[in-house]
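Undergrad: Go by the hints and put chain B onto chain A.
Listed below are the residues making up each chain.
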Amino acid sequence: MKIIDSTLQPRIDSTLDVARVRADFPILKLQVEGKPLVYLDNAASSQMPQPVIDRLVRYQTSQHANINRGVHYLSETATAEYEVARRKLQRFINAREDREVIFTSGTTDSINLVMHGYGRKFIGAGDEIILTTLEHHSNIVPWQMLAEEKGARVRVVPINDAGELLIDEYEKLFNERTKFVGVMHVSNALGTVNPVREMIAFAHARGVPVLVDGAQAAPHMKVDVQDLDCDFYAFSGHKMCGPTGIGILYGKAELLERMQPFKGGGDMILSVTFERTTYNSIPHKFEAGTPPIAAAIGLGAAVDYLSNIGIDAIAAYEVELLNYATEQIRQIPEVRIIGTAAKKTAVLSFEMAGVHPHDVGTLLNQEGVAVRTGHHCVQPVMLRLKVPATTRASFAFYNTMAEVDTFIAGIRTVQKIFI
Amino acid sequence: MTTKSLYQEVILDHNRKPRNYGKLDKASHHAVGHNPLCGDHLDIDLNLEGEHIEGIAFHGESCAICKASASMMTTVVKGKSLADAEMLIKEFRDMATGTLDLAHPHHLGRLTVFAGVRDLPTRVKCAILPWHTLHAALNSVSTTSTEAEDDPMHAAIGDA
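Protein chains in written order, with full-length UniProt numbering: chain A, 1 to 419; chain B, 1 to 160.
Just chain A, with the same shape it has in the complex (with noise of 0.2 Å):
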C-alpha cells in the first residue's frame, strides 16, 4: 500500500541521472526476498560500481606484485599505480603534497595512528583531549586509552534535542591543558553537519590541533583539508565506493614529520641493525608493511568515478531525497524523526512508538529494504537523547525518490502489523 500526497512529490531540481547511475552498480539488480533490492544502509558501507570493480579487476589480472620492492616490471607497476592513487586522493581532498595522505586500513585505523602517532607523544599527565557527544566509538574509545595511559583526561562538547553541537561549551572547555580537539565532520547516526572550519579555528587560536572524522562526510560533500586547515582527516574507501580494508589519514606534513611511528616493520624504515633502525620518510614511516594495494588503486578509481559524477550533484541529489523522506515519514504520526538538525546530510534516523528498532528492521528487509538498526556505535548519542536505538536509513546517490516511496510504504506496513 502506498499513501503518497501528490502535493509533496518532489521537484528534481539536481542535474544527477539517477538512472544512469543505478545502471553502473550490478548489485542494485539484486532481489531480496522477491523484491526489488532498496540499499539505505549507506552510511554504513555503499555499493561498488563497475568501474571501481574493473579496476580491481584490471590490477589483479595484469599489475600485481608488491611495491617498494622488486626491480621488475609488475613491481613497478605496481608501485606506479600505488602512488597515482595517493595522488588521486591528494587530489579529492585538496591536500598541498601527496606525502600528506596515508594509506591505512579505514577510519578507525586512521584515528588509532594519530593517538599512538602524535598523542603518545605529545599529550602527558593532566592534558586534556575535547571530543564531542556525537563521535562514533571509534573516535571515542582510543583517546579514552591514551588518557587512561598518561593520565590525561577527556572532556566532551554536549549536544542539544536537535542533536546539534553546543558551540558555546565547547569553546568553553579550553583551558591551558587542552591538547587535542577530536570532532566528527557529519554525525552516523544523525547526519548533523558539524561546523568544523569554526571549530578548528577557534582550537588553532588556542595552539591546538584538531582531527576531523570524516568517514560520513568525504562521500557526500566536497571535502577541503586546506579550507578547513584541519590538521588531521581521516576517512573510509567503504563508504565512498571503494573496496573494504582501505582507508585515508591525511595530516599536515609538518605534524606528520613529528610525530613517532605507529607500527613497526617492512617499508616504514630507511634502515635496520639491532642497535638502530632510522625511519622513512612521510608517508611510508606510517604504512608499515605491505599495504592492501588493491584495495588503494580502487579507492583511486572510487574516488575519480565520484568526481565524474561530481560531488556537488551527489551532494544536492542527496539533500533532495533526505527532503522527500523527511517530508513523508512526518505524514506518520508514530514515527519520531531523531536528529533534526539544520544542517543534515541524507541520513534518516528514526524512532516507531511501539515498536523495537530491530523488528521494524527485520519487517522492511522482508519488502527488500535494507536499513540500520541499533546503537549504530554511538551508545553516547542514544544515551544523551534517551533512545535505546533507532532506525537508521541512509541515502546514497543511487537511490531514488521511488525507493523512498517502497521504504515509507514499509513503514506503513510495520505499523499495521503492531498497532
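What the hints contain is simulated information worked out from the structure, not anything from laboratory work. Only a predicted model underlies this, so the values are computations on that prediction, with no experimental measurement involved. The reader is advised that the hints may include incorrect statements.
Each computed DMTMM-like pair below joins lysine to aspartate or glutamate, with the alpha-carbon atoms no more than 20 Å apart [as the list claims (entries may be wrong)]:
1) A:Lys121 with A:Glu148
2) A:Lys416 with A:Glu334
3) A:Lys88 with A:Asp312
4) A:Lys343 with A:Glu198
5) B:Lys78 with B:Asp101
6) A:Lys179 with A:Glu149
7) A:Lys35 with B:Glu61
8) A:Lys386 with B:Glu61
9) A:Lys88 with A:Glu76
10) A:Lys121 with A:Asp227
11) A:Lys416 with B:Asp119
12) A:Lys416 with B:Glu9
One-sided excerpt, in silico: chain A residues whose CB lies under 7 Å from chain B [as the list claims (entries may be wrong)]:
13) His358
14) Asp359
15) Gly374
16) Pro388
17) Ile417
The C-beta atom is built at its ideal place from N, Cα and C for all residues, glycine as well.
TA: Chain B only, in chain A's frame:
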C-alpha cells in the same frame, strides 16, 4: 518460513499483552539477561517450591520476538518441574538454532511459532534470550549474556 509468518498473531499478541509481566513480591531466584548486540535486557523472577516452578515473572526492554518468547515461556514453564523446564530450554534453543528436527517428538507445542528465527541468524538471540535467562535463574546465576563465554547456553549465531 518467511519473516512475515514469524510475526504471527500469537507472537504479536504476546508482544502487545505480555503474560506474567512484572516482578514477583518474593522471588526465590532471579536473573538478568543481556543481549549486548542490541542493548536489550530482560529480568526474570522465579519462585521455586521444591522441584517445581511455582511463580514466574519477567520485565525488561526488548523487541517483539524477545518479549513474546519471554511471555510464552512464562506461561509454559509455570507449574513445571525443574527437569521439564530444562528440557524445554534445550529443545527451544535447538529449535531456534535449527538443530532440532520438529518432525520428531518434542514438547514445544505452540512455541514452534518461533521456529522461523532459524532463518534469521541475527534474530536467533532475540528469541533465545529469555530461555538463557531462565536457565541462569534456575541455576542461581544472577546475570547472563547472549555473548557470555561461560554461558552454558552459549550458541553462536547461525550455527544452524
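Undergrad: Hint by hint, say whether it matches the structure.
TA: Verification of the supplied hints:
1. A:Lys121 with A:Glu148: Holds - the C-alpha atoms of A:Glu148 and A:Lys121 are around 14 Å apart, at most 20 Å.
2. A:Lys416 with A:Glu334: Cα-Cα ~11 Å, so holds.
3. A:Lys88 with A:Asp312: holds (18 Å)
4. A:Lys343 with A:Glu198: With Cα atoms ~15 Å apart, A:Lys343 and A:Glu198 stay inside 20 Å; holds.
5. B:Lys78 with B:Asp101: Distance of about 25 Å is beyond 20 Å: violated.
6. A:Lys179 with A:Glu149: Distance ~15 Å between A:Lys179 and A:Glu149 Cα, so the pair holds.
7. A:Lys35 with B:Glu61: violated (32 Å)
8. A:Lys386 with B:Glu61: holds (13 Å)
9. A:Lys88 with A:Glu76: holds (18 Å)
10. A:Lys121 with A:Asp227: Answer violated: A:Lys121 to A:Asp227 is near 27 Å, above 20 Å.
11. A:Lys416 with B:Asp119: violated (23 Å)
12. A:Lys416 with B:Glu9: holds (12 Å)
13. His358: Nearest chain B Cβ about 4 Å off; hint holds.
14. Asp359: holds (5 Å)
15. Gly374: Interface hint status for A:Gly374: holds (6 Å vs cutoff 7 Å).
16. Pro388: Holds, about 5 Å.
17. Ile417: Check passed: Cβ of A:Ile417 comes within 6 Å of chain B, closer than 7 Å.
The earlier numbered hints that this structure contradicts are 5, 7, 10, 11.
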